[in-house]
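Chemist: Take a look at the letters that make up each chain.
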Amino acid sequence: MKKMVRASAEKVRPRGSLKARMYKQRYLYIMLLPALIWVLFMCYMPMFGLYMAFIDYVPDGTPFFQSFFGSDFVGLKWINYFLFESGDFYKVMRNTLATSLLTIIFSIPAPIIIALMLNEIRMRRFKKVVQTVSYLPYFISWVVVANIFVTLLSQEGVINSICMKIGLIDEPIRYFQNGKYFWWIIAIANTWKGMGYNSIIYLSAITGIDNAIYEASMVDGATRFQKMIYITLPSLKDTIVIMLILAVGGILNAGFEQQLLLQNTQILDYALVIDLYSYKFGIQEAMYSYGAAVGLFKSIISFILLVIVNNISRKFDSAHIM
Amino acid sequence: MKIKQTASDWAMDIICVSVMVILFIITFYPFWYVFIVSINDPSDTMRGGLTLLPRVFNGSAYGVILKDSEFLHSMFISALRVIIGTPISLIFTSMLAYVLTKKELVGYKFFRKIFVFTMYFGGGIIPTYMIYKMLGLIDNFWVYIIPSVISVYYMILINSYMGSLPKELEESAYIDGANDIVVFARIILPVSVPIMATIGLFVAINQWNSFFDSYLYTSRQELKTLQAVMMNILNQYKTASLTDSAAAAANAAKQNTGTSSDSIRMTATIVSTIPIILVYPFVQRYFVSGIMMGAVKG
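Protein chains in written order, with numbering that gives the first Met the number 0: chain H, 0 to 321; chain S, 0 to 297.
If we strip away everything but chain H, and leave its shape as in the complex, we get (with noise of 0.2 Å):
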């Protein structure tokens, strides 16, 4: 309907020269200037910025731009260098991608069985406190979410109480000193802040159901539980596919502020995903350009991938990226 609308707006053909046209919207170009400038210097400028991941970037003191020209062109190097030579490529993509996949292993399924639960809830009042109380970690920054896992998980914490007042363990297990807790420990925390939140987007999915169709399923007799499995489900599978594909585009975004603020020294080797890597090497250490060859590496695939699954997840129209 509002494709129709804008289809024939844009059949009325402007009138008058280029130059009268663009004096007759000169109070737009007004507006418009300040966006410009700044997406000039906010992301143009950082974007030019990343032909330091071409050269010997060494600060000597001079304006950026102007040090790019004194500093050595070295091509490839870098990225030759995170790739085959560091040794740690294979560490890094190891890291990211179990954690991206743990991830989606959990927050995909998360939401969904919450919002199916959610719309046989027939308790107005009850239903409402477990939705508001549901969303509420999706709006608390990283920082508050880490402290509550640090100290949940902590040895005198909570769980390891729990699990050892019931006779699971013998003694608290340090979940931060055993890097092979960590993925988990990000996976379980991305789902936690995002599953309540996240099932707003089938809960609303699932109004959109023709109720007609539940009247027929009531008809022939189905109970209350194949109507869930049977009609709204695949209902639903539109909406979980293109999930899923935006998920798997993402692949590369394992997260940064979680390991950043939930990594140790100990469990480094478990953290590193790409963002933080590049982080550490390129800003820590102070190898810069190595540093922004790995950011760049990890964009251009990211890149590459995002328009991929925002071409498939087009033929699911109504919900693509963009």
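Rather than coming from a laboratory, the hints here were simulated on the basis of the structure. No experiment lies behind these values; they were computed from the predicted model shown. You may find that some hints are simply not true.
[Claimed, not checked] Result set (DSS-like, lysine-lysine): computed pairs, CA atoms no more than 27 Å apart in a straight line:
id, chain 1, residue 1, chain 2, residue 2
1, H, 18, S, 166
2, H, 297, H, 179
3, S, 66, H, 18
4, H, 18, S, 108
5, H, 18, S, 112
6, H, 164, S, 237
7, H, 279, H, 76
8, H, 23, S, 102
9, H, 279, S, 237
10, H, 76, S, 132
11, H, 179, H, 164
12, S, 132, H, 23
13, H, 314, S, 102
14, H, 314, S, 132
15, S, 237, H, 314
16, H, 90, H, 279
17, H, 23, S, 108
18, H, 192, S, 237
19, H, 179, H, 90
20, H, 179, S, 237
21, H, 18, S, 101
22, H, 179, H, 192
23, H, 297, S, 112
24, H, 279, H, 179
25, H, 90, S, 132
26, S, 237, H, 23
27, S, 112, H, 23
28, H, 127, H, 23
29, S, 132, H, 279
30, S, 108, S, 166
31, S, 101, H, 297
32, H, 127, H, 192
Fit chain S to the known structure of chain H by using the hints.
Modeler: Below, chain S without anything else, positioned relative to chain H:
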């Protein structure tokens, strides 16, 4: 249509309600636990086994936190960036969104593309840091404001809202001789209040919650935001808990007022979350509409 409950329907009710109760516990209990640790005596907490209720009440951590000038100042900085950053971001983002509703604008497609492209591709942390340094944003309060002057994602949401407004709204104003700026400020903005409220809320929460900019781009203590100070407290705790645990326990017990103490850390967590929890019930419907805009239009 009233249908008789069958056994299977009853089972369904029980399962659904239990899953919801579990969900409630999973999301609510961590906050509750943080709260009871914050009001429990620190040396008692170290013994472990704290689960449902505080055992030894000790509210001194709140006194310590609320008298700590560094903590209070960081709260002030956080509040300041919300108060200054949100309206600036709203004004400039909505202005861009309005301009981009004008398809007849010469260069419309080009302008739209250069903004949308930034959602797909960016310079990344290191070049961004270098540019900020060059622009003098490092150790400058404006580093909290300027990078978020425009959010392209929110711009698209506002843009699609404004694009769906009836054209007649503007036409009469144009006939009266108003220019685009007047039309935007007097006509479009007032009718866009619902979406502006929603987006404003998200911008404000992002401002309150972000810690990385403060962590990376500022080193002066007086510019640190609440979340950055919280991160500091967390890091001190992590360092303490990584050293030999017996020594750490003794150490932590000795300095109950130190920031590595659990109750101080949890009190800080509570205090930094309270503003969000306080506004939360009133604005929840905006949050819900926020995600739907993203999902439907995006």
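Chemist: Each hint should be assessed against the structure and marked as holding or not.
Modeler: Structure-based check of each hint:
1. H/18 - S/166: Holds, at roughly 25 Å.
2. H/297 - H/179: holds, 25 Å
3. S/66 - H/18: violated, 63 Å
4. H/18 - S/108: holds, 18 Å
5. H/18 - S/112: Roughly 22 Å separates the two Cα atoms, so the pair holds.
6. H/164 - S/237: holds, 25 Å
7. H/279 - H/76: Holds, at about 19 Å.
8. H/23 - S/102: holds, 14 Å
9. H/279 - S/237: With a Cα-Cα distance of about 18 Å, the restraint between residue 279 of chain H and residue 237 of chain S holds, given a limit of 27 Å.
10. H/76 - S/132: At roughly 25 Å apart (the allowed maximum being 27 Å), residue 132 of chain S and residue 76 of chain H satisfy the hint.
11. H/179 - H/164: The given pair, whose Cα atoms are some 24 Å apart, holds under the 27 Å limit.
12. S/132 - H/23: violated, 39 Å
13. H/314 - S/102: Given that 27 Å is the threshold and the Cα spacing comes to 25 Å, the pair holds.
14. H/314 - S/132: Not satisfied, since the Cα-Cα distance of roughly 43 Å exceeds 27 Å.
15. S/237 - H/314: With a Cα-Cα distance of about 47 Å, the restraint between residue 237 of chain S and residue 314 of chain H is violated, given a limit of 27 Å.
16. H/90 - H/279: holds, 14 Å
17. H/23 - S/108: holds, 18 Å
18. H/192 - S/237: Between residue 192 of chain H and residue 237 of chain S the Cα gap is close to 22 Å, so the pair holds against 27 Å.
19. H/179 - H/90: Within the cut-off at roughly 14 Å; holds.
20. H/179 - S/237: holds, 18 Å
21. H/18 - S/101: Given pair residue 18 of chain H, residue 101 of chain S holds - Cα atoms ~17 Å apart, limit 27 Å.
22. H/179 - H/192: Roughly 21 Å separates the two Cα atoms, so the pair holds.
23. H/297 - S/112: holds, 22 Å
24. H/279 - H/179: holds, 21 Å
25. H/90 - S/132: violated, 31 Å
26. S/237 - H/23: violated, 61 Å
27. S/112 - H/23: Roughly 23 Å between the alpha carbons, so the hint for residue 112 of chain S and residue 23 of chain H holds.
28. H/127 - H/23: Violated. Residue 127 of chain H to residue 23 of chain H sits at ~52 Å, over the 27 Å cutoff.
29. S/132 - H/279: Satisfied, since the Cα-Cα distance of roughly 18 Å is no more than 27 Å.
30. S/108 - S/166: holds, 20 Å
31. S/101 - H/297: violated, 35 Å
32. H/127 - H/192: Answer holds: residue 127 of chain H to residue 192 of chain H is near 18 Å, not above 27 Å.
The structure fails to meet hints 3, 12, 14, 15, 25, 26, 28 and 31 from the earlier list, while all remaining hints are met.
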